[in-house]
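**Q** Below, each chain spelled out in residue letters.
4 protein chains.
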Amino acid sequence: MSISCTRNFFERFCVEEYNIDTIKHSSFLSADLLPSLGARINQSTKLRKHIISPFNPKYRAWEMWLVFLVIYSAWICPFEFAFITYKKDALFIIDNIINGFFAIDIVLTFFVAYLDSHSYLLVDNPKKITIRYLSTWFAFDVCSTAPFQPLSLLFNYNGSELGFRILSMLRLWRLRRVSSLFARLEKDIRFNYFWIRCTKLISVTLFAVHCAGCFNYLIADRYPNPRKTWIGAVYPDFKETSLWNRYVTALYWSITTLTTTGYGDLHPENPREMLFDIFFMMFNLGLTAYLIGNMTNLVVHWTSRTRSFRDTVRAASEFASRNQLPHDIQDQMLSHICLKFKTEGLKQQETLNNLPKAIRSSIANYLFFPIVQNIYLFQGVSRDFLFQLVSDIDAEYFPPKEDIILQNEAPTDLYILVSGSVNFIAHVDGQDQIQGKAVVGDMFGEIGVLCYRPQPFTVKTTELSQILRISRT
Amino acid sequence: MSISCTRNFFERFCVEEYNIDTIKHSSFLSADLLPSLGARINQSTKLRKHIISPFNPKYRAWEMWLVFLVIYSAWICPFEFAFITYKKDALFIIDNIINGFFAIDIVLTFFVAYLDSHSYLLVDNPKKITIRYLSTWFAFDVCSTAPFQPLSLLFNYNGSELGFRILSMLRLWRLRRVSSLFARLEKDIRFNYFWIRCTKLISVTLFAVHCAGCFNYLIADRYPNPRKTWIGAVYPDFKETSLWNRYVTALYWSITTLTTTGYGDLHPENPREMLFDIFFMMFNLGLTAYLIGNMTNLVVHWTSRTRSFRDTVRAASEFASRNQLPHDIQDQMLSHICLKFKTEGLKQQETLNNLPKAIRSSIANYLFFPIVQNIYLFQGVSRDFLFQLVSDIDAEYFPPKEDIILQNEAPTDLYILVSGSVNFIAHVDGQDQIQGKAVVGDMFGEIGVLCYRPQPFTVKTTELSQILRISRT
Amino acid sequence: MSISCTRNFFERFCVEEYNIDTIKHSSFLSADLLPSLGARINQSTKLRKHIISPFNPKYRAWEMWLVFLVIYSAWICPFEFAFITYKKDALFIIDNIINGFFAIDIVLTFFVAYLDSHSYLLVDNPKKITIRYLSTWFAFDVCSTAPFQPLSLLFNYNGSELGFRILSMLRLWRLRRVSSLFARLEKDIRFNYFWIRCTKLISVTLFAVHCAGCFNYLIADRYPNPRKTWIGAVYPDFKETSLWNRYVTALYWSITTLTTTGYGDLHPENPREMLFDIFFMMFNLGLTAYLIGNMTNLVVHWTSRTRSFRDTVRAASEFASRNQLPHDIQDQMLSHICLKFKTEGLKQQETLNNLPKAIRSSIANYLFFPIVQNIYLFQGVSRDFLFQLVSDIDAEYFPPKEDIILQNEAPTDLYILVSGSVNFIAHVDGQDQIQGKAVVGDMFGEIGVLCYRPQPFTVKTTELSQILRISRT
Amino acid sequence: MSISCTRNFFERFCVEEYNIDTIKHSSFLSADLLPSLGARINQSTKLRKHIISPFNPKYRAWEMWLVFLVIYSAWICPFEFAFITYKKDALFIIDNIINGFFAIDIVLTFFVAYLDSHSYLLVDNPKKITIRYLSTWFAFDVCSTAPFQPLSLLFNYNGSELGFRILSMLRLWRLRRVSSLFARLEKDIRFNYFWIRCTKLISVTLFAVHCAGCFNYLIADRYPNPRKTWIGAVYPDFKETSLWNRYVTALYWSITTLTTTGYGDLHPENPREMLFDIFFMMFNLGLTAYLIGNMTNLVVHWTSRTRSFRDTVRAASEFASRNQLPHDIQDQMLSHICLKFKTEGLKQQETLNNLPKAIRSSIANYLFFPIVQNIYLFQGVSRDFLFQLVSDIDAEYFPPKEDIILQNEAPTDLYILVSGSVNFIAHVDGQDQIQGKAVVGDMFGEIGVLCYRPQPFTVKTTELSQILRISRT
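Residue numbers (the UniProt record's numbering), protein chains in the order written: chain A, 1 to 473; chain B, 1 to 473; chain C, 1 to 473; chain D, 1 to 473.
Simulated from the structure, these hints should not be mistaken for lab results. All clues stand as given, with none of them false.
Pairs of lysine-lysine, DSSO-like flavour, derived with a Cα cap of 30 Å:
| no. | chain 1 | residue 1 | chain 2 | residue 2 |
| --- | --- | --- | --- | --- |
| 1 | C | Lys200 | A | Lys340 |
| 2 | D | Lys357 | B | Lys357 |
| 3 | A | Lys340 | A | Lys357 |
Each pair of labels, with its calculated beta carbon distance range:
| no. | chain 1 | residue 1 | chain 2 | residue 2 | range |
| --- | --- | --- | --- | --- | --- |
| 4 | B | Arg222 | D | Phe283 | 35 to 43 Å |
| 5 | A | Val204 | B | Phe191 | 21 to 29 Å |
| 6 | D | Val107 | C | Glu463 | 31 to 39 Å |
| 7 | C | Phe194 | A | Pro224 | 53 to 61 Å |
| 8 | B | Thr130 | D | Arg60 | 39 to 47 Å |
If you're wondering where the values come from, they're calculated on a predicted model, not measured in any experiment. Note that the Cβ used here is the ideal one computed from N, Cα and C, for glycine as well.
Please construct the entire structure, taking both the sequences and the accompanying hints into account.
**A** If you want it as C-alpha cells, here you go:
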C-alpha cells in the first residue's frame, strides 16, 4: 500500500506542476483530470461511498469517450451552423444523444473527487465538490449542453434561425477538454513529444480551416445578391449544387487562404466578405508564425544530439590531427567518445548529481554492493564500511583495446571489472608482454594504490567492459 | 523614508538600464518617462516648487492619456491623408482639440524634472530642464503639433492640398511615445512578456496595413485615368461608393499583400502603383521574417521549462530501466525530480548564489534563525556563533516516503525538520522496524555527526517535508 | 590486426548509435549498411565462405549503384504513372533491367553478414541471415521488385490500367535506401553537415514537387470533362500538346502551389482537384515550416562561432574602455583572445577533459615527454616520475609581445618554451632592461618556484610561442 | 614601434581567423584584403620599394572605390543584358571607363604584398606575389575585365548578340569583392552586427530581384510570339512602351514572385518562362527560409539580454514572495541585480577569467595598486607583497542602502572603499546606532579579519559605492 500511496502522491504533484504551467500560458485550460508523466496508476486510497476518484480507470475511459464526442461536436457544430438549412432527422437525433452524454457528465462531476491544489489531497466531501464545480465551470457546461433547438420547437420557433445557430456554437466550449488533454500528453514522457506537438498543431490548423470555410460559406449564403459573393461569382447557381461540392469548395477556399497560396479564383466580392477575410488573414499570419516557431523548436531539439556528437568528434579529430597523434591514441579517443554517446543520454549524469544523497546511496548500494562484497580485498571488511565505500564508486564503460591504466602512471584509482575482460601488459625490454588477464569480478590497480607505487602494468580492455572505479580513500 | 529612497534609486537604475538597451537597438526611442520593473513607486523626494516629478502618479495618468491620443492620431492621420477630400467639421475640431492637448504637454515638459543619466539624480533646475528639452525633442514636438490646416485657412489656401496633407503626417512623430511605452513594458515583470511582445507585433502589423492601404488608395485617387488603377479596374465608379466600402477595400488589398496571400483580384495597374507595391512587398518580407523570428523566440522560451522537465525525467527513467532499479528507488527518484521542478524555478538557485554575501546572510538569518534558536542542541550556544552557523544552512523539500538518511551511511550532515514529519526506521533481523518519529522542530542525524558513527537509523519522510541541512563543521 | 579490429568495433558502435537515433525519429529507416563517422575501413575479420561483409568496398560500390538506380526509379515511377499512356519499348526494357538489378540485390542480401545490435558482432551464419531478412524487409523488397506489367502482358491484360499503375508505385519503397544514406551521411564528419542537410531538403522538395505535379496531371487526364480541369481550362486541347509541355506545366503548377506563390492562372476546377489540392497544401504548410526550421537551425549553428568571438571581444573591449586600461594591456587582451579562438575550437578543451585518464596520459606522454626529458632540471629524475609529471602539463599559445610572467609576481608555475622565443626583462631604476633570452627547449620561472621567491624578471614573448606550464607540485 | 608591431600581428591573426571561417562556409570568398576587428591600423613594417602594403590607407580607399564600382556593375550588367538592344554611347563609354579601373587593379595587384597564411608575415617578394596571383584569381579577373564589346566592334560583329551579352555577364565575378567586404564587416565589432547582417540580406534580395526581373524580361523579349509572353499577354505592345515602364514591370513581377505574393496578373505563358519560373521559385524558397532563419537568429540574440534580466528578477522576486522576506531585503536583492546587469556585460567576467595570469595581474596592478598603496594598514608592507596581494582583489559595485557586512557575521573579507561612502551601524539595545562613517580610501572589516572576531558593526552603503574585496589570506 505504501508504494501505491507514493505513486498517488507523485501523481498529484505532476498535476499540480502541470496546473502551474498551464495557468501561466492560458487561463482557459483546466487540468483537474488525470495525472501526467506516465505514472503507473494504482489508486487504492479509499474514498467515500458514491464518490469516484478522478484516477479511476473507468472514469478515464468515460473521459476519453467524451473527448471523442467533443471532436465530433467540434466538426459538426460549424458545419450545421453554415450548411444545414433545415434540421434533418438523423443529425437532430445524434446531436441530442451527444448532448445527453454531456448532461450525464455534468451530473457525474458532482460525484468526482478532486485534487486540492494546496494540500495535494483528494477531496471527497460532496459539499466541497459541489461548491467548487458550481463556482467554476458549471455555468459554461450547462450552456454548452442545453438543447436550444428542441426547446425552440416547443415554443414553435423556426429552428433554423440565426440566433439559435449562434447559441448552438456554445457547444464549442467543450473543446477545453481537448486542449487539456493535449497539455497533459505533452508532459507525459510515454508519448513522443514531437508527435503530440504535431498532432496538436495539425488539429488546430484543421479546425481553423473548417471553421473559416463554414463561416465564409454562411456569409455568402446570407448575402442578398448571390452573384456578388465569393462562391457565386464563379458558380452562379451554387445553392443548387450538392452539399459535398459546396463543402469542398469552402474548405478549398479556406486552406488556399490559410497557406497564403491565394490562387484568386475564389475571392471576396463584397465588403462583408472582405472584412471576414481581413480577420482571417490576420489570424493566419499569427498561426503560420506559430507553426514555424514550433517546427523550428522541434528541429533544433531533434538535431541537438547529432550536433553535439558531431562537434565532439570534430573537436577530438582536429586536436588529434593538429598534434599528429599516433593512430592508436586517435582510435581510442574516437571509440571512447562514440561509446559515451551511446551509453549515456545527454543529461543523465547531471540529473543523477542533482538527486539527494540518500537516493544516490540507495542506487549505488543496489547496483554495486553485491559485486564489491565478493572482492577478496574486502572479505574481512565490515558491512558498514563497505556501505560507505560503495557510495563513492563510479561505473564506466570502456570500448575494447582501450588502455585503462598506463604502466608507470601515478596510482589514483582502484578498478573492479564488472563485465568484459582486460589484459595486463608489461613493457619489458622494448616489447609488450601480456602478463595476465582479469576476468569478471576481479580487481586491478590495487598494487599501485595500496603500496603507493607506480602502476606495474598497462591494463587494456579486450572487449567491451564495464568497470567500477574506486578513488583512493 | 530610507526605504522609499532606496526604491527611488532602484527606479532610476532601471530607467538607465533601459536606456542603454534601447539606444543600442534604435536611436529613435527615448525612455525618460517611467521606471520599469514594477517597482512600487513611492516618490517622496522633495522637488522645487512648480516642478513635477516624472514619477508623479498624476503625471503618469496624463502620459497614459496622451498615449491614448497618440493611438487615435496614428489611425486618423493616414486616414484623413487619403480619404477625406474636404475637411468635415467634426474631424477638424477633434484634430485641433488633440493638438491642443499636445501643445499643453509641450508647455508642461518645461516643468518636469528629469533623471540625469550619469548621477542618477532628478534634476529640478528649470534652466537645465529647458536647455535639455530645447536641444532634444522640442523642435520635433512643435512641428508635430503645429495646426497647419487652420493656419492655411487663415491665408486662404485650400486645406486639402497635398502639401498640407504631408505636413499633417508629421503628427506620426508622436508614435515615439508608444514605442517607448512598449520598450518599458517589456522590462516590467508585472506584465507577461509574451502578451506585451504580441501586442507590440500586432500593433506594428495593423499600423503597416492601415498606412499601406491609405497610401495606396491615395495613389489610385490621384491617378489621371481612374480605370487604370488597382481599385478602378474592378470598381470603375469607385469614387462614388461609400467611404466605408473604399476603406475596407483598401485594407483588404493591404492585408492580402502583407500576408502574401495575393488573390490578385486587386493588383497594381500602372507603374506608379507597381513602384509603391515593390516597396511595400520588400517591407513585408522583412516584417514577416521579423514576426516569425519573434514567434520562434517566444515558442522556444515557452517550451523550455517543459522540455527541461521532460529531458530530466527521461534521463532518470532511462537510467533506472537500464540498471533495473527496484520500483521503490525509481519512485523516489521521479517524485524528487517532480518536486524540485515544482518548488524551484529554473534560475532561482543560480540567482541567489550571485548575490553578495551580506544579502545572503540576511536572508538566511531571517528565515532560519528562529528555528535554529529553539533546537535543544544549540541552547547554550552564543548568538554570534548561531548567526554564523545559520549562513551555511541549506533548505530542501522532500516528497513523502523518501529516504533522507540511510542506515549505516557515513554521517556528513545534520538535519532539522521544519515542516512535515519523518520516521526513524532500523533494519533489525531482516525487518524494518519503526523506532521513532520526529516532529516539526526536531533535529536528527546528530548522533552520527557528533559521535562520528555511521547513522543508526534510516530516516524516511511520511509526508511532504521541508528540511534544513547543516553540514558538519 | 588489432588496430583494424578496433576500428571494426568502432564502426559497429557508430552503426548502432545511428540506429538508435533513427528509430526514435522515424521507424521507416534502416541503417544496416555502412558505418558512419568516416572511419578508415579496413575490415579484415574472416567471414565464412560465400558470405560478404557489409563493409566490403565492392559491396558498397554495388550499394551506391543501387542508390543511383533508386533515384532514377523515384523520378520515373510517378512520371510513368501519370504521363505514359502506352508502354514505350525503351522505357519498358529499362524498367525491367532495373528490376533485374534489384532482384539480384534481394538474392545477394541472403549472403551478406549483418551486425547484431546487442553483441556488436558480424553474424555470418547463413540461417540467421535468412531468418532476419525474411522477417523484416523481404516481403516489401519482393513487392517493390515484382514486374507487374510484364506479368499482366502474360495474362493479356492491358498494361495501362490504373490497378497496375498503382502496383508499380510500390517501387517507391526503394526510397528507404536513399533516406538511410542521408541519415548515415549526416553522422559522417567527413562531409559538411550543412550541405548534406541542404541536399536532403532539396531532394525531398523536388520529389514532392514532381509527385504532386504528376498526380495532379493524372487527375486532370482522367476527368470526364477535360475543359473542367485545372489544365484544360487554360489549354483546352492539352492532351494533344507535347509530353514536355505537359510535364513542365504540371511541374510549374506544383511548385507555384508549394512555394505558396499561387499565381492562379492554373487552379483546381472541380471538387476532385480541390480535394487533392487541399491535401497538397496541408502538406506544403508542414514542409515549408520544416524547411524554415532547418534553415534557422543551420544559420544559428553557423553564426554561433562568429557570435561568440564578437561577444568575447566586445566584453573585453568594454571592460578595457570602462576602466581606461593602457593600450599596452588592451592589445595583449585582444590578441590573446584572437589567438585562443584561432587555435582552439569551441568544444576542444571540454572534449579532452571528458576522456578517461589513461587516454589523457597517453596523449600528454606522446606530446610532451621528449621535450621534458631534455630539460636540464629533470636530467637526473627517474622516468616514472617524469611520466607522472607530464600528465599535469598544460600547453598554451602566446601571441608576441605578451607578458607571461610579471616581475614580483607570486611564483606558481614553471614554464618550458616549445617554440618561439622570450625575453627576460627586469625593471631596474625605472627602466626596462633586457636581461636575457630563452630559446626553444629552455625553461623559465624555475627560480621563483624552486626558491619560493617573487619572480625576478618579467618574461615577454617576442614572437608567437608555444609554452608548457607545469604547476608547482 | 613595438606596439604598432603587436597591432600588426594582431591584424594578421584576425585576417587568418577570418579566412578559416570563410573557407568553411563557401569557397568563393577570399579575404586577403583588410584585417577585421577594428584594430587601429598603424602599419609601419618596412616593405620593399614599389610594393604596397594591403593595410595602406590609400590602397584601402582604392578598394572601397572598386567596391562602389562593383555595385554599379552588378546593377548595370543584367540591365544592359536584358533591356538595352543597341549600345547607347554614354553607357558604352562608362562601361569601358569602369573596365579601365579594374584593369588598373589587376596591374596593381602584382605590387601588393600579401599575408602568408602559415607564417603570418607580409610577403613582399615580387616573384611570390606574381606566382600567387597568377595561380589564383588572375584568369577570372582578366575574363571579367576584358572589353568584349569593343573587341567585337573591331571584328565587325553586332554588339547586341547574345553571345557577347553572356560574356559581359562575366563581370558579375567582381561581386566576390562585395561578399568579402561583408564577411570582414561581420567580424568587425565597430559595426553593429544586426545592421551589417540586414544590409547583406537586403543586398542579396535586391540583387536577386533585379537579376530575375531582367532575365525574365529577356526571355519575353526573345520569344517568337510576343503575345504569348508574361508581359505581352497583359501589355500586347510592350516593346513600344518606355524603358522605365518595362523595367518597373519586370521588377514588379520579380518581387511579386519572390515574396510569394503571386497576384497572378503577370504569369508565365509559355514553357520557357515556366521553366525559368520553376528555378526562380525554388531559389526563392531557399532565400526566404534563409532570411527567416537569419532574422530569428538576430531576434533571439537581441532579446537574450532582456530575457536573462527578466528571468533573474523573476526568480529573485518569486523566492522573496514565497518566503515572505521583509521588504528591506527584497529591495536590496532587486537593486543589486539591477546594478549587476547594468555594470557588467553578459560575458565579461567569463572573458576575464579566461585570460592568462600575467594579463590578469597587469590589469589588477594597473587598477588597484595606487589605491592599496595608500591604505594605512599596508604602509610598511613591501612592494612585492602588495603586488601579489593586488592580484587577488575583486572589485564590486554596491547600490545605496545595501548591507556589505552584517553585525556578528563571520569575518572572511576585508573591504576598501573606492568611491561612495558607507556607514557603520551597531545594533545596541535593540536600536540601530550610526557609529561612524568611512570615506573614499578607507578600509573596513579589518577588525574582524585581523582579530578573528565576528564583525562588530553592520556596514551599509549610503550611495552608489565601488568596493574592493580582499579575501583573508
